[in-house]
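Chains R and V supply the protein sequences, listed in that same order.
Its first residue numbered 751, the first sequence is counted upward by one per residue in the numbering used here.
Its first residue numbered 1041, the second sequence is counted upward by one per residue in the numbering used here.
Fair warning: there could be bad hints in the mix.
[Stated by the list, open to error] Okay, the calculated beta carbon distance ranges per label pair:
(1) R/Ile810 / V/Thr1120: 38 to 46 Å
(2) R/Phe801 / V/Ser1091: 18 to 26 Å
(3) V/Gly1098 / R/Gly812: 30 to 38 Å
(4) V/Thr1054 / R/Gly778: 37 to 45 Å
(5) R/Arg827 / V/Gln1081: 23 to 31 Å
(6) R/Ser834 / V/Pro1048: 25 to 33 Å
(7) V/Tyr1050 / R/Glu816: 34 to 42 Å
(8) R/Gly803 / V/Gln1058: 40 to 48 Å
(9) R/Thr847 / V/Phe1109: 15 to 23 Å
(10) V/Arg1107 / R/Gly778: 27 to 35 Å
(11) V/Gln1058 / R/Ser764: 42 to 50 Å
(12) R/Thr854 / V/Gly1124: 15 to 23 Å
[Unchecked claim] In silico lysine-lysine, DSS-like type, Cα no more than 27 Å apart, as pairs:
(13) R/Lys811 / V/Lys1041
(14) R/Lys799 / R/Lys818
(15) R/Lys799 / R/Lys811
(16) V/Lys1097 / V/Lys1053
(17) V/Lys1041 / R/Lys799
(18) V/Lys1097 / R/Lys799
[As the list claims (entries may be wrong)] Facing chain V, according to a computed beta carbon distance under 8 Å, are these residues of chain R, among others:
(19) Gln792
(20) Gly793
(21) Leu794
(22) Leu796
(23) Lys799
(24) Phe840
(25) Pro846
(26) Thr847
(27) Asp848
(28) Lys849
(29) Leu850
(30) Phe852
(31) Thr854
(32) Gly855
No lab work stands behind these hints: they were computed from the structure.
The structure displayed is predicted, hence computed values, not measured ones.
Using N, Cα and C, we set each Cβ at its ideal position, and we do this for glycine too.
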Amino acid sequence: AQSVTQPDIHITVSEGASLELRCNYSYGATPYLFWYVQSPGQGLQLLLKYFSGDTLVQGIKGFEAEFKRSQSSFNLRKPSVHWSDAAEYFCAVGQPTDKLIFGTGTRLQVFP
Amino acid sequence: KAGVTQTPRYLIKTRGQQVTLSCSPISGHRSVSWYQQTPGQGLQFLFEYFSETQRNKGNFPGRFSGRQFSNSRSEMNVSTLELGDSALYLCASSSTPPETQYFGPGTRLLVL
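My request is simple: use the sequences and hints to build the entire structure.
This is the structure we're talking about:
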């Protein structure tokens, strides 16, 4: 079955600390991979995406993610977190002409 | 380019009523997908329309329906509302699904 797992429901970090949000997927083929961020009461904003090629992808707001085929993972990282990064983060997978499958999300809290 | 717009942003209905939500995609995008987001179930795919045809459908009852117009604008309708239909309904558009889906701000529906 196709699925996305975000094992961390809630993460708390101090401002300036590094961040890694985990994402593992189960999919029949190499999927397209996405990270979205959602602020309270808002829609989803695309942070970055992986389709093919270089397995380390850069996104907006200083985020990056690395695709590891052997581990079926697509973890999101940021070297130094800002208070404005506090939000909920969703990993998603999909294929052309197919729906996106989302993980359950990781809520990030940032302490000053 | 203007982003995805959804109307209305907030809606309160009572059980048994029906509701219609509207989504205007990014100019040039021909695919529109709808998702339901609830605290308990997370983000769940409802359906996707491409060139006025439903191409994909999620596992929702027949009370949930949608359509797409020739200008790519889409509507979704929920008939005989139930309390459990209270959710944030998100619309996403893409030029070639699911290459990159861009989300609107959502319509928050409260069923009393």
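Verification of the supplied hints:
One distance hint, 38 to 46 Å for the beta-carbon pair R/Ile810 and V/Thr1120, holds here, with the actual separation near 41 Å. Here the CB-CB span from R/Phe801 to V/Ser1091 is close to 23 Å, well matched to the stated 18 to 26 Å. At about 34 Å, the beta-carbon gap between V/Gly1098 and R/Gly812 stays in the expected band of 30 to 38 Å. A C-beta distance of roughly 43 Å is found between V/Thr1054 and R/Gly778, which places it inside the suggested range of 37 to 45 Å.
Range check, R/Arg827 to V/Gln1081: about 28 Å between beta-carbon atoms, so the 23 to 31 Å window is met. At roughly 28 Å, the beta-carbon separation of R/Ser834 and V/Pro1048 lies within the given 25 to 33 Å, and the hint holds. At about 39 Å, the CB distance of V/Tyr1050 to R/Glu816 agrees with the hint of 34 to 42 Å. Separation of R/Gly803 from V/Gln1058 is about 46 Å and conforms to the stated range, judged on CB atoms against 40 to 48 Å.
About 21 Å separates the C-beta atoms of R/Thr847 and V/Phe1109, a value consistent with the hinted range of 15 to 23 Å. The beta-carbon spacing between V/Arg1107 and R/Gly778, approximately 30 Å, falls within the hinted interval of 27 to 35 Å. At about 48 Å, the CB distance of V/Gln1058 to R/Ser764 agrees with the hint of 42 to 50 Å. Taking 15 to 23 Å as the suggested C-beta distance range, the pair R/Thr854 and V/Gly1124 conforms, at roughly 18 Å.
The straight-line distance between the Cα atoms of R/Lys811 and V/Lys1041 is roughly 20 Å, inside the 27 Å bound, and the hint therefore holds. Between the alpha carbons of R/Lys799 and R/Lys818 the distance comes to roughly 14 Å, so the proposed pair stays at or under 27 Å and holds. For a cut-off of 27 Å, the pair hint linking R/Lys799 to R/Lys811 stands: about 14 Å separates their Cα positions. Annotation: proposed proximity of V/Lys1097 to V/Lys1053 holds, straight-line Cα distance about 25 Å (limit 27 Å).
Between the alpha carbons of V/Lys1041 and R/Lys799 the distance comes to roughly 20 Å, so the proposed pair stays at or under 27 Å and holds. For the suggested pair V/Lys1097 and R/Lys799, the alpha carbons sit about 24 Å apart, so the restraint of at most 27 Å is met. For R/Gln792, the shortest C-beta to C-beta distance to chain V is roughly 6 Å, which falls under 8 Å, so the interface hint holds. Taking 8 Å as the C-beta cut-off, the interface hint given for R/Gly793 holds, the closest approach to chain V being about 4 Å.
Taking 8 Å as the C-beta cut-off, the interface hint given for R/Leu794 holds, the closest approach to chain V being about 4 Å. At its closest, the beta carbon of R/Leu796 sits 7 Å from a beta carbon of chain V; the interface hint therefore holds under the 8 Å criterion. The closest approach between the C-beta of R/Lys799 and any C-beta of chain V is roughly 6 Å, which is under the 8 Å cut-off, so the hint is satisfied. Evaluation of the R/Phe840 hint against chain V yields a held restraint, the C-beta minimum of about 7 Å falling below 8 Å.
Annotation: interface hint on R/Pro846 holds; nearest CB of chain V at approximately 7 Å, less than 8 Å. For R/Thr847, the interface hint holds, the least distance from its beta-carbon to any beta-carbon of chain V being 6 Å, beneath 8 Å. With 8 Å as the threshold, the beta carbon of R/Asp848 comes within range of chain V, its nearest partner Cβ sitting at about 6 Å, so the hint holds. The beta carbon of R/Lys849 is positioned within 8 Å of a beta carbon in chain V (closest approach about 4 Å), and the interface hint is therefore held.
Checking R/Leu850 against chain V by beta carbon gives a least distance of about 5 Å; that is within 8 Å, so the hint holds. Nearest Cβ of chain V to the Cβ of R/Phe852: about 4 Å, under the 8 Å cut. The hint holds. A hinted interface residue such as R/Thr854 counts as satisfied when its beta carbon comes closer than 8 Å to some beta carbon of chain V; here the least separation is about 5 Å, so the hint holds. Proximity of R/Gly855 to chain V holds as hinted, the smallest CB-CB distance being about 7 Å (cut-off 8 Å).
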